[in-house]
Amino acid sequence: MNEKQKILIVEDDIDFISATKTILENHGYDVLVAYNPEEGDTILKQEKPDLLILDVMFGEEGKPIGFDFAQKIRNDKQFPRFPILMLTGINTKMPIFHFSPDTDGEYLPVDAFLDKPVNADELLRKVRELLK
Numbered sequence: 006m007n008e009k010q011k012i013l014i015v016e017d018d019i020d021f022i023s024a025t026k027t028i029l030e031n032h033g034y035d036v037l038v039a040y041n042p043e044e045g046d047t048i049l050k051q052e053k054p055d056l057l058i059l060d061v062m063f064g065e066e067g068k069p070i071g072f073d074f075a076q077k078i079r080n081d082k083q084f085p086r087f088p089i090l091m092l093t094g095i096n097t098k099m100p101i102f103h104f105s106p107d108t109d110g111e112y113l114p115v116d117a118f119l120d121k122p123v124n125a126d127e128l129l130r131k132v133r134e135l136l137k
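Going by this note's numbering, the sequence shown opens with residue 6, and the numbers climb by one from there.
Derived by calculation from the structure, the hints in this document are not laboratory data.
Just so we're clear, the structure is a prediction, and the values are computed from it rather than from any experiment.
A virtual CB, placed ideally from N, CA and C, is assigned to each residue, including glycine.
Keep in mind that the hints are not guaranteed to be accurate.
[To be verified] Derived DEER-like restraints, expressed as beta-carbon distance ranges: (1) 68 / 137: 28 to 36 angstroms; (2) 23 / 64: 18 to 26 angstroms; (3) 33 / 82: 26 to 34 angstroms; (4) 50 / 124: 31 to 39 angstroms; (5) 9 / 68: 29 to 37 angstroms; (6) 133 / 84: 21 to 29 angstroms; (7) 53 / 133: 18 to 26 angstroms; (8) 43 / 23: 31 to 39 angstroms; (9) 120 / 82: 15 to 23 angstroms; (10) 65 / 136: 28 to 36 angstroms.
[Unchecked claim] Subject to a maximum C-alpha distance of 30 angstroms in a straight line, what follows is the list of computed DSS-like cross-link-like pairs (lysine-lysine): (11) 9 / 137; (12) 50 / 77; (13) 121 / 77; (14) 82 / 53.
Work out the full structure, taking the sequences as your base and the hints as a guide.
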């Protein structure tokens, strides 16, 4: 029997986590959850997921610490190279930014970037693409 691919979601929006986790589990993925990057760091080391889904903004002030966490992962040799999918509402809330891994690759070391709200089909398509 094949082992399920593990996906770690690092996100502080409980409703978003619940919906995303349900979608992914219904399509055969093993989903792990962390509510902040510190918790995510611990789970990454213990569980070694196949894919990370990461939010940008955390906390009531909406600090963009997801960017810092993505950089930390890419610069840390103990983490194997695995895909990072960044999901966020920052481009909707602050359209002046238009973050993209194509144009912000050095600062934003992620493999894909989707804006929230993301529909289930788009999310699943991107997850499958990144896990190939």
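Taking the hints in turn, this is what the structure says about them:
1. A hinted range of 28 to 36 angstroms holds for the C-beta pair residue 68 and residue 137, which are about 33 angstroms apart.
2. Between residue 23 and residue 64 the beta carbons are some 19 angstroms apart, a value that agrees with the proposed interval 18 to 26 angstroms.
3. Residue 33 and residue 82 have their C-beta atoms about 31 angstroms apart, which keeps the hinted 26 to 34 angstroms range intact.
4. Checked against the given bound of 31 to 39 angstroms, the beta carbons of residue 50 and residue 124, roughly 32 angstroms apart, stay inside it.
5. Here the CB-CB span from residue 9 to residue 68 is close to 33 angstroms, well matched to the stated 29 to 37 angstroms.
6. Against the hinted window of 21 to 29 angstroms, the Cβ-Cβ separation of residue 133 and residue 84 comes to about 22 angstroms, which satisfies the hint.
7. Distance hint for residue 53 and residue 133: a CB-CB separation of about 20 angstroms, consistent with the stated range 18 to 26 angstroms.
8. At about 21 angstroms, the beta-carbon gap between residue 43 and residue 23 misses the expected band of 31 to 39 angstroms.
9. In this structure the supplied range 15 to 23 angstroms is violated for residue 120 paired with residue 82, their Cβ-Cβ distance being about 31 angstroms.
10. Checked against the hint of 28 to 36 angstroms, the pair residue 65 and residue 136 passes, with Cβ atoms roughly 33 angstroms apart.
11. Distance restraint check for residue 9 and residue 137: the Cα-Cα separation of roughly 14 angstroms lies within the 30 angstroms cut-off, and the hinted pair is therefore satisfied.
12. The suggested pairing of residue 50 with residue 77 holds, with an alpha-carbon distance near 13 angstroms, which does not exceed 30 angstroms.
13. At roughly 23 angstroms between alpha-carbon atoms, residue 121 and residue 77 fall within 30 angstroms of each other, so this suggested pair holds.
14. Only pairs whose Cα atoms come within 30 angstroms are accepted, and residue 82 paired with residue 53 is accepted, the gap being roughly 13 angstroms.
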